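As a plain string of letters, each chain reads:
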Amino acid sequence: MSFDPGSSPAPSALLGVEACARGVLEAGARLATGYPGTPATPAIEYLLAQATEHLTVEWAVNEKVALEVAAGHSWAGLRSFVAMKMSGLNVASDTLLSVATSGTVGGLVVYVGDDPGAYYGMVEQDSRLYARLAFLPMLEPGEPDEARRMARHAFDVSEAAGTPILIRGTTTTAYTWGPVTFEPPERGRRTPRVPFDIDRYTKAGAARCRRQHREALARMAEAARLLDPWNQEVQGHRDVGVIAPASVWGYVAEAVERLPQNERPHLLRIAVVHPLPEERILGLLSRCRRVLVVEELDPLIEERVRSLAAELPHPPRILGKRQGLTPEVGDLDPDAVSAALDHLLDREPQRRVPRRSPDPPPDLPRRLLTFCPGCPHRSAYVALERAIARAGYRKDDVIVTGDIGCTILGMNPPHNLCRTEVAMGSSIAVAEGFVRAGVEAPVVAVIGDSTFFHAGIPPLLNAASKNVRLTVLVLDNHHAAMTGFQPSPTQYRPTPGAPAQPLSIEELARAARVRRVRKTLPYFTRRLSRVLATALRSPGVQVVVAEAPCVRRSTARVVIPYQVRPDRCVGPDRCRPSCLEAVNCPALELGDGAAGVRIDADRCLGCGLCAEACPYRAIRRRIRSRRRLP
Amino acid sequence: MNLDVVACGVGGQGVVTLGRVVAGAALREGYDVRLLGQSGLSQVGAPVMVHVRIGTPAGPSPKVPLGTADVVIGLERMEALKLTPYLRPGGTALLSDEEVRPYEARFRPEAYPDRETVETAFPAQRVLWIPALELARRHGSPAYVGAVMAGALAAVSNVVDRDQLVLALRAERPHEADEEVEAFFAGYEFLAGTGD
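In order, the protein sequences belong to chains U and Y.
In case it helps, my numbering puts the first sequence at residues 2 to 631.
In case it helps, my numbering puts the second sequence at residues 2 to 197.
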């Protein structure tokens with residue numbers, strides 16, 4: 002986009018994903034919901050900060066529920082928005098297909114955040130496939146301001162064509178911060194009207210479902226026609242062309258800008274990634290001898306381009322992933338795209354940069370994620386390790402399954418406990434699978450509170466109803482912490498500012514007829530390890546809740562940090578296991594000259610786990626060095 | 002005038018804030034700006050990298066192409082090695098000598114790079130070390146490391162105006178006191194006179 006510095010007296014800028022949410026606000030949406038998941042989280046966070054009396058913004062218990070709330074809201078005639086990461090769309094996919102075949106009344110826009118490069122962990126998937134699976138149009142913004150305008154327009158098209166519309170962000174487009182123009186919000190429809198139309202809103206009956214399927218396809222085609230102006234063509238000067246979606250267009254533009262005018266290829270920038278603009282693609286193909294397709298992850302555009310090319314009397318040669326010019330794994334960058342363009346133009350590599358991976362040399366020590374200083378989860382894992390010994394087992398015998406969120410960091414040193422991470426809530430059922438396979442040692446599932454409410458309840462019911470011998474350790478810190486401390490159902494409030502109506506994990510477990518339910522503070526490691534040891538030795542499902550708020554959201558105002566007495570500390574080389582190995586707190590560091598251990602008083606939050614682990618009682622609290630927290 | 006900057010460090014050091022300050026200052030000056038921050042895990046200690054592109058217009062790619070960054074800023078010694086492919090020949094590396102040693106380095110202390118290793122990774126470029134943590138602590142808080150490095154950037158590049166950086170710093174960190182701005186000037190003065 003061009004940018005005129007004079008035209009914007011009060012410049013404003015947003016992340017791509019926030020700009021999309023800004024478009025939602027400007028479109029007069031009345032509801033925005035979702036479940037936190039990087040890289041989609043800032044969509045809802047932005048709207049939470051902007052909420053007005055006309056716009057309800059909330060976190061739902063999971064993505065499927067969020068989409069269902071938004072669907073009902075749309076069917077009542079009001080504009081609705083849902084945001085989730087790609088894994089969340091998997092959770093909501095059953096609902097997505099059903100809602101797609103019923104269509105919309107009020108505009109319904111679903112934002113999905115894909116993560117090419119898997120920067121935030123989880124399966125690297127291409128959610129454009131959902132657009133095809135669910136007969137839905139899908140838009141892909143490139144620039145932040147484009148995301149805003151696109152989201153706004155998507156609501157109009159969703160209503161005009163009667164279909165939900167997917168907007169796909171990628172980690173790069175979502176987290177690119179750039180200039181955005183603000184426009185005043187539309188008013189939007191405000192009174193609900195719910196028609197009785199079972200042919201549209203129910204599925205029982207083959208004829209009804211076939212008709213809904215046909216109508217969904219027709220709605221998608223109509224929406225694609227209305228959205229087509231988002232696709233852009235630039236005429237070039239040679240018989241070569243480049244086709245790429247908006248999400249990677251910056252890389253293409255970077256490489257093309259360096260070419261002299263008369264060398265530039267024909268360009269097709271695709272913003273409607275489903276259904277693809279076939280007429281435009283055919284037009285470009287008919288003018289070219291060679292065409293390069295650039296896209297991240299699956300070769301979806303490339304495959305369609307190949308099959309369209311085959312319809313032409315003189316098909317051009319299609320270059321892309323099939324020749325290995327760009328990878329199917331990981332995200333792209335300007336250098337990879339520049340190299341692919343050199344190939345298209347049949348010339349020597351133009352950029353004399355060492356094609357070095359931006360990763361550091363492989364022999365550097367890895368930076369494995371660990372818990373924050375003072376995190377209650379660290380205490381809980383230390384207690385679990387002690388409980389295993391106390392119950393008479395070796396650490397390797399006991400199988401621990403992990404779950405999504407901060408709690409999975411029990412897989413890393415020094416704990417090395419969690420062996421599996423599957424999907425939200427899966428720790429419990431995977432653990433049941435190990436028990437069913439005949440594992441005789443205890444099996445433990447470790448899950449966080451937000452993850453438990455999201456998808457951990459059905460597997461708990463399953464295990465409890467079958468009386469499987471299984472320990473479920475719920476690390477309840479009242480937040481979805483890893484995504485930015487969103488509140489979990491343990492602190493839900495009906496309206497902002499109202500008193501919390503906390504849901505109780507213990508009461509849910511008791512209602513599921515769990516054999517024994519215990520709750521304790523994770524910082525009381527001795528007590529927690531006793532409780533866990535009893536659970537490990539007992540039959541049936543055992544639920545242990547270790548509850549303490551996320552230390553990054555603690556209400557504590559004063560910290561009394563610990564300090565090492567150099568006269569007592571013998572140093573990690575002569576201490577096995579040393580506090581460094583046993584606790585691995587980021588506030589612990591090797592002192593100068595590697596003599597002993599030091600505690601960073603700026604980072605220590607005074608949990609005392611290291612003091613407990615020290616066999617020489619060399620770590621003490623120092624009242625004198627207490628400090629106030631902001 | 003264009004300026005491409007890549008900065009990195011570990012979560013909790015303020016790398017994203019540093020990127021926001023630089024990009025925000027450029028935006029105030031009327032430049033077109035792209036800032037890409039690859040972070041999002043709230044985890045303390047995870048590697049973080051940001052790309053800032055400033056210009057009229059800014060480069061279209063949100064990521065700075067390899068070998069083209071004018072300035073790279075490293076807030077942690079080992080992470081700084083990730084910056085070497087980005088910096089152009091003749092460019093400037095502003096490096097804080099802070100160490101955040103990963104767990105594995107406790108068992109292989111020799112694998113953690115020393116200053117010399119980092120310097121040899123920038124053979125055709127200028128490397129300037131800044132005692133950012135010390136300056137930040139002296140002005141009130143280790144959280145001001147990003148401000149110190151923003152001040153250092155102002156000393157070596159005149160594309161973004163120093164006073165706009167201060168305004169952007171105040172806008173980005175409204176709850177912080179004047180001490181953080183003093184930390185910014187400490188970084189500026191440490192390098193004053195080395196600029197272009």
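FYI, nobody ran anything at the bench for these hints, they're computed from the structure.
It should be emphasised that the depicted structure is a prediction, and the values quoted were computed from it without experimental measurement.
Idealized CB from N, CA, C, for every residue including glycine.
Watch out, some of these pointers could steer you wrong.
Said to hold, decoys possible - Below, a sample of chain Y positions facing chain U; criterion: calculated Cβ distance under 7 Å:
{"#": "1", "residue": "Arg-35"}
{"#": "2", "residue": "Leu-37"}
{"#": "3", "residue": "Gly-46"}
{"#": "4", "residue": "Pro-48"}
{"#": "5", "residue": "Lys-64"}
{"#": "6", "residue": "Pro-66"}
{"#": "7", "residue": "Leu-67"}
{"#": "8", "residue": "Ala-106"}
{"#": "9", "residue": "Arg-109"}
{"#": "10", "residue": "Glu-111"}
{"#": "11", "residue": "Trp-130"}
{"#": "12", "residue": "Gln-165"}
{"#": "13", "residue": "Leu-168"}
Said to hold, decoys possible - What follows is a set of in silico ranges between Cβ atoms, one per label pair, in the way DEER data are often shown:
{"#": "14", "chain 1": "Y", "residue 1": "Phe-108", "chain 2": "U", "residue 2": "Asn-263", "range": "35 to 43 Å"}
{"#": "15", "chain 1": "U", "residue 1": "Arg-226", "chain 2": "Y", "residue 2": "Gly-31", "range": "37 to 45 Å"}
{"#": "16", "chain 1": "U", "residue 1": "Val-440", "chain 2": "Y", "residue 2": "Pro-90", "range": "31 to 39 Å"}
{"#": "17", "chain 1": "Y", "residue 1": "Gly-141", "chain 2": "U", "residue 2": "Arg-625", "range": "46 to 54 Å"}
{"#": "18", "chain 1": "U", "residue 1": "Arg-627", "chain 2": "Y", "residue 2": "Ala-178", "range": "17 to 25 Å"}
{"#": "19", "chain 1": "U", "residue 1": "Gly-325", "chain 2": "Y", "residue 2": "Pro-110", "range": "38 to 46 Å"}
Results of checking the hints against the structure:
no.	hint	verdict
1	Arg-35	5 Å, holds
2	Leu-37	5 Å, holds
3	Gly-46	5 Å, holds
4	Pro-48	6 Å, holds
5	Lys-64	5 Å, holds
6	Pro-66	4 Å, holds
7	Leu-67	5 Å, holds
8	Ala-106	4 Å, holds
9	Arg-109	6 Å, holds
10	Glu-111	10 Å, violated
11	Trp-130	19 Å, violated
12	Gln-165	11 Å, violated
13	Leu-168	12 Å, violated
14	Y/Phe-108 with U/Asn-263: 35 to 43 Å	59 Å, violated
15	U/Arg-226 with Y/Gly-31: 37 to 45 Å	39 Å, holds
16	U/Val-440 with Y/Pro-90: 31 to 39 Å	58 Å, violated
17	Y/Gly-141 with U/Arg-625: 46 to 54 Å	20 Å, violated
18	U/Arg-627 with Y/Ala-178: 17 to 25 Å	21 Å, holds
19	U/Gly-325 with Y/Pro-110: 38 to 46 Å	41 Å, holds
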